[in-house]
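J.: Those sequence lines, one after another, are chains A and B.
The first sequence begins at 156 in my numbering and counts up one residue at a time.
The second sequence begins at 752 in my numbering and counts up one residue at a time.
Keep in mind that the hints are not guaranteed to be accurate.
[Unchecked claim] If we take Cβ atoms under 8 Å as the criterion, some of the chain B residues that face chain A in the derived model are: (1) Glu808; (2) Gly822; (3) Asp848; (4) Asp850; (5) Ala853; (6) Ser858; (7) Phe859; (8) Phe881; (9) Pro909; (10) Ser910; (11) Asp912; (12) Asn914; (13) Asn916.
[Said to hold, decoys possible] The following residues of chain B were derived to be distant from chain A, with all beta-carbon distances above 10 Å: (14) Val783; (15) Thr788; (16) Asp803; (17) Arg805; (18) Ala835; (19) Asp839; (20) Arg874; (21) Asn907; (22) Pro913; (23) Asn926; (24) Val936.
It should be emphasised that the hints constitute simulated quantities derived from the structure, not laboratory data.
Ideal Cβ placement from N, Cα and C applies to all residues, glycine included.
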Amino acid sequence: MGRPIKPPPRPAGTSRRGFFLKSGGAALAVAAAPLAVMAQRQDVGLPVFQHGVASGDPLSDRVILWTRVTTGQRSAVTVTCLIATDPGLTQVVQQGRVKTNPDRDFTVKLDAGRLQPGTTYYYRFSALGQQSPVGRTRTLRVGATARARLAVVSCSNHAFGLFNAYRRIAERADIDAVVHLGDYLYEYGPNVFGSLRTPEPPNEMVTLSDYRLRHAQYKRDADSIEMHRQHPLIAIWDDHETTNDSWRDGAENHTPGPLPPDGEGEGTWAERVNVGLQAYYEWMPVRIPDVSRRRENQRKFRFGDLLELVMLEERLQARSQQLTATVPTPFGNGFVQTGAFADASRQLLGTTQEVWLADTLRTTPARWKFLGQGVMFAQLKLQGAPLAQGGGVFLNTDQWDGYQPARNRVYDIFKGTSTQPAVNNCVVLTGDIHSSWASDLSQDPNNPNVATGGYNPATGEGSRAVEFVGTSVTSPGVSDPNGSNAALLRSINPHFKYIELNQRGYMLMDVTPQRVVGEWWYVDTVQSISNVQTFGVAFEVQIGTNRLQPSAQTTPPANPPALAP
Amino acid sequence: MHTYRAFPRCANAVAVAAAAAAFSLCASLPAVAANFTVSGQISFHNDVVMVDFRLAEAATNVRLWTDSWQGGLNFDPAAALWLAAGNDFSLLAEVDDDDTVAAGQGSFDTGFVLPTLAAGNYRVTLVAAFNAANGTLLSQGFSYGSETPILLTEWNQPSYDPNANDQKGGFWRLNLNGVDSVTVVPEPASALLLALGLMGLIGLTRTAGRHTAQPR
């Protein structure tokens, strides 16, 4: 028999449908009257909200709210969500219902609209007789904006260590959002890339079930739960959300062929991307820009007139296959910018995204432009040389160095063209390489003659933008106990102002109209639970300069909104 | 005659007309328990489909269910079962999701299994969730009833999947097993339109008749 419900009380006052917006994906209800009680079976003993709550992709009037319902049944579940402006949830501004079912892996995602800009909200879900922890989120400001603060993370490998950095971020009430630059989770099986914790399932994630189970494991991590509960997330994927060194039509860690038991392969690449992204969109508090083009995940977020944060997609929609480095050096094989490396048809963003990026950067009224993206933008050489002498030998074919013509097209946006003005005050935020770097951005950093397009490392003259590369949450860096490797790399690459290869942690970006300060914060270990974090270093870029200079730790804003209880 | 003041819109007339056109049943079995399937199309988020059925005698194992959600291709339906009571109907049960009534249902489909059901005249209402009944009488309407209608194609139903942007279709289908007769009910507004249309036809016919009566 079905599950009859009692007739609901007649609503009084405001229409219950007030929360349904006609566009933009909002699906949360305003309910001045008590909601109809839809009787549902209760799962005794199962912690329904064991994956916590999360929010993400904040705009000035809306934010994604997320949770997941754990139920021992296959039936649809109705979930109630309440949004208030106080931690005690007494000042309720919206209340409504959504649903989930097995098709969505019982994840719950709603785009809560009709919110006020620059406002901190607290929210809670209820289902199957249980309540979720209280979450906290914040919408973006509009108009004149004096300050924004972002935590920036990447490369959070559950198997390799504990998410102490997430916990430190969760404890901070002084940030507006957390930016995750990719490698939110890793695909490997046990003991392949980290052995502190055993991945679930105990095999490389290949199927939809694998990807879902892995996401679920990451979302059950206590430190992850706390970070998600306290701050909205703005995330992009890098490669490991699907598999290592992915590109449009394949990946280093993908073996095409029939899946077991029909074969030894991992299916088609298209199917693997399909299931990987299905799980990603189910389990991440991310707004899908276009359901018909799920690989095109680039989005933008405007923090009033202060900051335009552009999040780029650099793996699945257009990236050409990585080339092979074949030039021997004392540090291993490198490559030079000739042959296929100079092929202008090779893509990293793809034409569609390049046009979108150019239009966004050229037209935004925001003072600062952040490019949140996955792989290092600055040149990283093993042997330095000016462009006129070939440019030297580069290290990593997977980062922008392996796509120099595509990078030049982004520089064209920065520098301007005969028909387009230059775009100044661009800041690139990067993850991927499990280490900390601060860099001026020049196309010819080993050419000291600024007049011929070079770069002056003493003054920063010739730099067109700056880059802050954040270290990993847990994934290992290069062992460099005395800093000799970093020193060597800096001697070859004069545009780097800071290189630190050993430590794990996060970045804190403090933005005002006058300057952007990037702070590196480090945890003492990822091998055990620890509350220790230390301030590492800070660099800043002043408005209009496009170059870095040393800075100091910023002072958090006074009286930030209370953390969720 | 009772009124349904919450739904006096032309949109419902369209929906009901479409439903009537799609009505397929074993019409030769008006007084014997039989199985029926009715279907149709709604357009707006607060449309209400009304289907009447009759039981001449008490019945067992009556089943009513939708199978039109189709994985999110169409809107997420909720159903209510009402018993005729004077000029109104009283609410017996309201169910949003139940996919256990029959094979072919999706998780957001709805339905009832009624082990015993007394003889009488019944009405099933289908709405887009969560357009819940306002009270125990059908005349009290539904919670979205006073709202400006929104096209389903432009509406994000609360249960929709933001990752799929689904549930934009207006197709509905209701299956009734073990009842005697089934009628898709035109709402007052559509009945009025139908009446006006008939009057118009009559008028045209009379005019035409006068014309033909005139000498050449």
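J.: At a threshold of 8 Å, is the proposed contact between Ala853 of chain B and chain A supported by beta-carbon distances?
T.: Not OK, violated: Ala853 of chain B not within 8 Å of chain A, min 11 Å.
J.: Does the interface hint hold: is Asn916 of chain B within less than 8 Å of chain A, judged Cβ to Cβ?
T.: holds, 5 Å
J.: Find the nearest Cβ of chain A to the Cβ of Arg874 of chain B and say whether that gap is larger than 10 Å.
T.: Given a closest Cβ separation of 14 Å, the condition holds.
J.: Hint Gly822 of chain B vs chain A: min CB-CB distance below 8 Å?
T.: The hint holds - Gly822 of chain B has a Cβ within 8 Å of chain A, the shortest such distance being about 7 Å.
J.: Does Ser858 of chain B pass the interface hint, meaning its C-beta sits closer than 8 Å to a C-beta of chain A?
T.: Ser858 of chain B check passes; min Cβ-Cβ to chain A is 4 Å, inside 8 Å.
J.: Over 10 Å to the closest beta carbon of chain A is the bar; see if Asp839 of chain B clears it.
T.: holds, 13 Å
J.: Interface hint check: Phe881 of chain B, Cβ to nearest Cβ on chain A, cutoff 8 Å. Holds or violated?
T.: holds, 6 Å
J.: Is the interface hint satisfied for Asp850 of chain B? The criterion is a beta-carbon contact with chain A at less than 8 Å.
T.: With a minimum Cβ separation of about 7 Å from chain A (threshold 8 Å), the hint on Asp850 of chain B holds.
J.: Less than 8 Å between beta-carbons is the criterion; does Phe859 of chain B satisfy it with respect to chain A?
T.: Holds: closest Cβ of chain A sits about 6 Å from Phe859 of chain B, inside 8 Å.
J.: Does the CB of Ser910 of chain B sit less than 8 Å away from some CB of chain A?
T.: holds, 4 Å
J.: Evaluate the condition: distance from the CB of Val936 of chain B to the nearest CB of chain A exceeds 10 Å.
T.: Consistent with the label, Val936 of chain B stays out of reach of chain A, its closest Cβ about 20 Å off (over 10 Å).
J.: Asn907 of chain B clear of chain A by more than 10 Å, beta carbon to beta carbon?
T.: violated, 5 Å
This entry does not satisfy hints 1, 5, 21 and 22, going by the numbered hints stated previously.
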